[in-house]
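K.L.:
Please work from the sequences and hints to get the whole structure.
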Amino acid sequence: MLRQIWIVSALNFKSLRSRFWQSMVIVVGLAATVGVMLSMLSVSAGMRQAYYASGDPNRAIVVTKGVEQEPQSSIARAQAPLIAVAPGIAKDKDGKPLVDRTLMTSVPLLRKDGSKGFTTMRGLSDKGLGVRPEIKIVQGRMFQAGKRELIAGVGAQTMFRHMQLGDKVILPDGEWPIVGIYATGDQLEGQLLGDTETLITTLKKPAYTTMLVRLASPGSLDTFKKAMTTNPALSVDVVRHSDWYKRVGDQNAFGLALLGYVVGTVMAIGALFGCLNTMYSAVSNRGREIATLRALGYDAFPVAVSVILEAMLLSVAGALIGAGIAWAMYDGKLDLFGNVIFHLSVSPHQIELGVIWAAAVALLGGLFPSIRAARRPVVEALRAT
Amino acid sequence: MKYLPLVWASIMRKPTRAILTLLSVMLAFTLFGLTIGMNATFAKVQADARDDRIFAFARFGGAVPIALERQIESMPGVEKVASSSFVGGYIQEPKNRVFVNVMDENIPKVLPEYPITPQQWQLIRDTRQGILVSKMQADRWHLKVGDTVTIVSPATKKLDGTNSWIFKVVAVTPDMSIFGQGYMFGNYDYMDKARLLSDQGKTGQFRVKVSDPSKTAEIAERIVSNFANSSTPLESITEKVAFDVSTGTGMDIASVDREVALAGMFMVLFLTANGLAQAVRERFAEFATLKTIGFSDNGVVALVFAEAAIPCLLGAGLGIGLAAIISHVMPKFLPPGQGLPIPTMSVMVFVWAFICAGVVALISAGLPALRLKQMDIATALSGR
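Chains A and B supply the protein sequences, listed in that same order.
Residues in the first sequence are numbered consecutively from 3, following our numbering.
Residues in the second sequence are numbered consecutively from 98, following our numbering.
If you're looking for bench data, these hints aren't it; they were derived computationally from the structure.
Where hints are given, some of them may not hold.
Said to hold, decoys possible - Calculated pairs, DSS-like style, for lysine-lysine (alpha carbon to alpha carbon, straight line, at most 27 Å):
no. : chain 1 : residue 1 : chain 2 : residue 2
1   : B       : 111       : A       : 114
2   : B       : 290       : A       : 207
3   : A       : 114       : A       : 98
4   : B       : 177       : B       : 299
5   : A       : 118       : B       : 337
6   : B       : 111       : B       : 141
P.N.:
See below:
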């Protein structure tokens, strides 16, 4: 049986050249479908990845009960000490709890093209680097606590003007110099960092935004969470940092991902009809050859399978071309959406998705023609001109 | 016209092929309708944006004291200032996200083009908890006039210690293109007085109307510089700039839409061109016969073009129609409260679709037409 499938398929593939342009309908159709879909998904996937990378299972974030996004949260200054003494928090070598009192605000900047844009300015408190060891200074130095200084992420540096070492950012009480450039490998790179206490005074903010704590061990989340949620003085949610960013990433990328899938689906159905068209005429053109094979004793099944295999080969080739174009055009490109800066991504996982998409189109697009090919009475097909 | 049956017979000679081609073309134009329709929505929002208005808000995030409203209004060249804030939350479950934009009493004067009558605006003044709900939102949450709706807003705490905001529907109003998924408008004063004392007297943003549209950008700059050293520095953006999608994010969504539409067209072009070339090849001898009985070169070419144009134009019409249906039902299936834009099937979308369909037909017919023109009748008739 396998041998028969192989022989019939080989025969088909050898005759592909004579049906070159017609077969290209499938290739081009799927290349366009997968290319467009992956290009669009590169935005949502890149954004999601940047968020996912920001989370750490060894950290927990404390936010106002019920809020879904960090900026909506607000933790009163008086509540900060209550959180810092809770059990389950990792301690530094001096025995101080690793708690980062975070302040988040947006700051207007000029984009590289001169238009106005915004990014997030984040306050990091004294234990900030202990909680977030992924922050690596790549140029200059870290800001000093109590001083009116900022450090800028490498992403912010790429997207905005005046983000070089020594440049100044205007805040309410004057110009703050950028004393360092940092990298993290996640969406934090698109932001500006400064000292929480200095920022909160300067910006006259009534409260901290969130608290980020390093857990004693990944398993101590429950201990910490229990202490937080049973404390009547607090009305907060405690979420593992990685889970938090997974949710935020999924939520913020949802609309974009949906758009990509809708467009991909509409195009795939269009390509499916193209595929059916091509395969039907391929089958009818080769009616006599197929009938001859059947007369020689070949089963209907290998004939049917070979038709689907042909559609599969052409579709997957198209999908790979489309994915290749999307990858070459977008993968790794830095983009700004809202005030999140991230790298567009066409990952192997998405290319796989594109290929699966194409294979599904080919399966459906080859199925009905293959049934027709297999069912056609031999005598009738042989007589046909 | 009298040749229409002939063209039709040619198309329907292989019904499967004809129908599949039509469906393929239709879907490509559905995509075309959705993407170019999305751009039409952006263009409409951009065109509707007034050149005499400015948004002003806190430069470093957070709320602004409402007292600044009077200060901005006293600036030369400013005609009127209104303010709005919002209560963001959900109905029953966190996934049912909703926003109530709470407006102060000056909003009707600054936003006169909103499809809300003075009587309706008055309703939210008379009933403090009143909200105007747009048709789309009313359908989405099954609300009618007189209904009470509770919105849980984790970020906006109330004086009574809860965060459940109770609103009463006082009118159902028409939708607007800038609110793709509809809107709810409430009373700022109710919201302000009901929340924590420490949050009272603050608002989200100001809508500034200037008297001379040519000075809008200048006044926007002046708002920023005037308040640069105040306790709440302000940032401003003119409405024209704020409503321009190409400046809203790092990427130009409108051009992405065009590229997607183009990819669809390319796919269709390939398909129809191939189909037609094949059809003409199969019927080569027949075309020779037509020529023999006196059809001119141009006559035969016209027949081929018609054979290409009918599925293209028909597919374009059906595709845009399907896109219109999808745009109509889409708001019901989208997650609420994300502010996703809904495509508009404007006249320009139709015009562009038919132009594209015509171009596709023309190019598809080109090569086969050339072959027909150059054909040697005797050879073709003999079937060689």
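K.L.:
When the structure is checked against the list of hints, which entries are broken? Sort them ascending.
P.N.:
1, 3, 6
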